[in-house]
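Protein chains in written order, with the numbering used here: chain R, 1 to 198; chain B, 1001 to 1347.
Since the hints were made in silico from the structure, they are not lab data. Where hints are given, some of them may not hold.
Derived, one-sided and incomplete: chain B residues facing chain R with beta-carbon distance under 10 Å [claimed, not checked]:
hint, residue
1, 1074
2, 1084
3, 1181
Calculated cross-link-like contacts (lysine-lysine; reagent style BS3-like; alpha-carbon spacing at most 30 Å) [what the hints assert, rightly or not]:
hint, chain 1, residue 1, chain 2, residue 2
4, R, 24, R, 158
5, B, 1074, R, 189
6, B, 1074, R, 84
7, R, 158, R, 189
8, B, 1074, R, 106
9, R, 158, B, 1074
10, B, 1074, R, 137
Heads up, the beta-carbon is just placed ideally off N, CA and C, and yes, glycines get one too.
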Amino acid sequence: MARMKFLCDADRCIECNACVTACKNEHEVPWGINRRRVVTINDGKPGERSVTMACMHCTDAPCAAVCPVNCFYTTADAVVLHSKDLCIGCGYCFYACPFGAPQYPKVGNFGSRGKMDKCTYCSGGPEPDGSLAEFEKYGTNRLAEGKLPLCAEMCSTKSLLAGDGEIIAQIYKERVVKRGYGSGAWGWKTAYRETIAS
Amino acid sequence: MIKGTAEMPKLSARLRFIVGAMALALIVAVAAPVTAQQRNPDSSVNPTASSVREDQLLNELDRISGRCTIPDQKACTIEQPAGRDWRHFHEVTLRWIGAISILGMLALLVIFYLVRGMVRLESGRSGRVLVRFSVFERLVHWMTAACFILLAISGLNITFGRPLLLPLIGPDAFTAWSQWAKYAHNYLSFPFTLGVFTIFLMWIAWNIPNRVDVEWMKRGGGIVGHDHPPADRFNAGQKMIYWIVVLGGTAVAVSGYILMFPFYGTNIAGMQVAQVVHGVAALLFVAVMLAHIYIGTIGMEGAFEGMWDGTVDVNWAKEHHRVWLEKEIVEGHVAAPPPKGKMQPAE
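Just chain B, with the same shape it has in the complex (with noise of 0.2 Å):
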């Protein structure tokens, strides 16, 4: 206590010298602008020239804003020169990026079927199947992805289809075209949306990346030549394609809402940065995406109808998800092999 009171004279004594000082600074930075004023020609100053200077503003702020007499209140910024820099993000980033990112994956994605071909059911088909997704699961992969199509299209129609459809329609059809494509994105992203939330939620236990992981990656998850790595339900490419379908979709549904919303807690500029991650997200996304269509179709045997029909042969788990088709005939979900000599349907 007494060490207390015996310091408090020079802790004050400090605290006013500071305030002093930021005193002192303040009236040096506020008397500043009085120098800057302008003079008339007999060295005078006019108290009326003294006025906001338009460059001086924009050199401090990215906007202009002031106060106005109209209820709407964002009509109050007069100018914010940043729409030319999301401009040409538009006009000239954004088209790169989804050009490289689409045609790059497609263009991968020819050679690799080419070199590669499809990927074939080494041991034949063996005749008896399993349960691989449930009638809900394949519904909901089936809503998100008919909308994320129809997503991606009225989309890229928004970024492409100015060079790229309107000289081969015309304006009127291409105006009522994007009319109803405008539609279609902004209602078709609440089903998706909510797709995007139900796979986040009934695939999440499946991935969780694990040590089965790293040895599948570092077997370069036998997409070259002919290995087989031993993989769960999902592999470490699906578990991939899971958190990106879940992150993206969170991307492209967060920062679209924001942009059907406008003004809902952003400005301008902050609908311009919504807009920059929308369209790269979205046209990475897209990109992604065709290697998932790829390789679920024409890219391997046996597995689109896996998605489709819901049962996958059991000699392609074993190919593909050796450690799933184990567990599941552990649990009893594998039948057991027919009898001999029984009729097989011809296929």
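Chain R extracted, bound-state conformation (with noise of 0.2 Å):
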């Protein structure tokens, strides 16, 4: 089975928000959540970079370690998925994520932020594949298809890559060595321990 993993070639990102848009109505997203924006760094300053951001799908997901009721779980892909009929909506894995991918649909108080959700990597939840159950609660489930994640399968500019990690950080090196620079794969030391040398 694949590693897999996002990974955002910030050189290559024109901040055009398709991947958030797609992912929006791919998955029939509510208002007020969004399991992937882009973020541009350095705004107007020589050098900015602007880099897209959804769940990194961490290993050793702390999500997953701190949850109270134990609701993550991790496909055969490395594919960090949760159960909202288990979860309590907390905000525990909200505190421990280092991307900021948990959301919640309530921005109330006393603690009534309803059931998280986040980026599934377009592979839903806990209910069988392509139910109607499962894309109420978490959006279709592409990866069950054959698919790969809708926002970079659509990334006009090929800035966002998913799939497995060994074949993407291959054609991350392969860009940084032919063009001279990387700025990084950005997320990847926190969410996987590793780096890609550029």
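Join these two chains into a complex; the hints should help.
Written as structure tokens, this is what we have:
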């Protein structure tokens, strides 16, 4: 089985936000929730770069470690998923996540955050693959259909790569060698405890 | 005046020098990254290659933020590896603190009970009682206590439920229970905070440390042996409990409300700190309250009725709170001894 990862080549990202829009549309994500977002660093200054970020599906994921009800699980493809039936909306994953991936449908207080929502790597949840119940809670399950996450698939500059970690790392390495620079595999050190030499 | 004007040119010259030095330093500092610019193989500067780098940003700051176009501006922070530290605290440090303080306190109390046993009323019961706690005081105490117990159980569930309870009852039952426990934890915080605040106001007058407490502490409160050092309405040990409740209660309330109202004046890092404070303060609070519950129930004869019925035996007051009893007698709050020969209730 593959070890699925995301890699954002920030030297290619043009901040078009198509990945954000594609994700919201594909999964019919409710208002206020952004499973993926594009952030521009050093905006308007020399060396500005845009990075798209969502759940990185970490190795030894911190969210899963701190969850008081153990609602997270890792699939055979190393995708970190969670069960909304088990989630109690306590917010602990949100304190632990280095990438701000967990989102809550309610902004309300008194602990009424609602069930946590996050990027599923387009692979649904614990319900049967492709079922309506799965779609309503987690969105579509593209991975079960043999397709990669839509955000990466439709990235116009192929800045956002999704797929097996070794393959996308190789693609990135070749790009860095060819053009002579790279701003780094954003989040890889934190998520996977490895970097791609650039 | 003349002296002042004479020194003016000197001062402005010095000022010019300082400003000039600072400007130079600034220029050097700003210019420095230029040398770090990446160059093409033919050693010309590649303008698109001089980008921000993730590892460099993470070294400079503990998180990476930028500008984003979605309304939720919190999403503009893309990386904050500090969650790793908080995770270690939550998974390891907090559990050790909890296990040592709570199990340690329980072990101490069991050993103390086996060695010392219940602190008996040495002079027996006099049959005369005096009011120790008013209805209002008892109401506030038990409201706070009931909230505390439920808050403690639901709070311990968050930290220890997953390794201890989840394997026993299964994920569905554990989630159902934890969901209710979370709601209880959030909503009971309000009566609990009100109770702590009322306790602070209604007993502060009796809880200012004074000379009697020094003597009481020196004699170890008479815990070991059969000593009965004098004490006012509250002895030094009770005063410590009072201040732990007031200060510990404030700490858990403030940190708890910060967690309950996310992003009101805090960010993720602030909430991590609040959770650390909340967890440590609450676990130590539970450990101290175990000792309080022990001494108020099986630890001391005649103590529990003071908070339950509101009255204590005069002999109990004589042994444990002599100074207070004397004051109560002077103020006429203690009934005269019953006439001899009258029927006493058999107890």
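Here's how the hints hold up against the structure:
Given the 10 Å rule on beta carbons, the hint for residue 1074 (chain B) holds: about 7 Å separates it from the nearest Cβ of chain R. Evaluation of the residue 1084 (chain B) hint against chain R yields a held restraint, the C-beta minimum of about 6 Å falling below 10 Å. Residue-level restraint check for residue 1181 (chain B) holds (minimum Cβ-Cβ distance to chain R is 8 Å; threshold 10 Å). Restraint check for residue 24 (chain R) and residue 158 (chain R): the C-alpha separation of about 19 Å stays at or below 30 Å, so the hint holds.
Between residue 1074 (chain B) and residue 189 (chain R) the CA atoms are separated by roughly 22 Å; this keeps the pair inside 30 Å, and the hint holds. Restraint check for residue 1074 (chain B) and residue 84 (chain R): satisfied, since their Cα atoms lie roughly 23 Å apart, inside the 30 Å limit. For the hint pairing residue 158 (chain R) with residue 189 (chain R), the CA-to-CA distance comes to about 21 Å; that is within 30 Å, so the pair holds. A hinted pair counts as satisfied when its Cα atoms are at most 30 Å apart, and residue 1074 (chain B) with residue 106 (chain R) qualifies at roughly 15 Å.
For the given pair, residue 158 (chain R) sits about 26 Å from residue 1074 (chain B) by alpha-carbon distance, which is consistent with the 30 Å threshold. Of the supplied pair hints, the one linking residue 1074 (chain B) and residue 137 (chain R) holds, its CA atoms being roughly 24 Å apart against a limit of 30 Å.
Checked against the numbered hints above, the structure breaks none of them.
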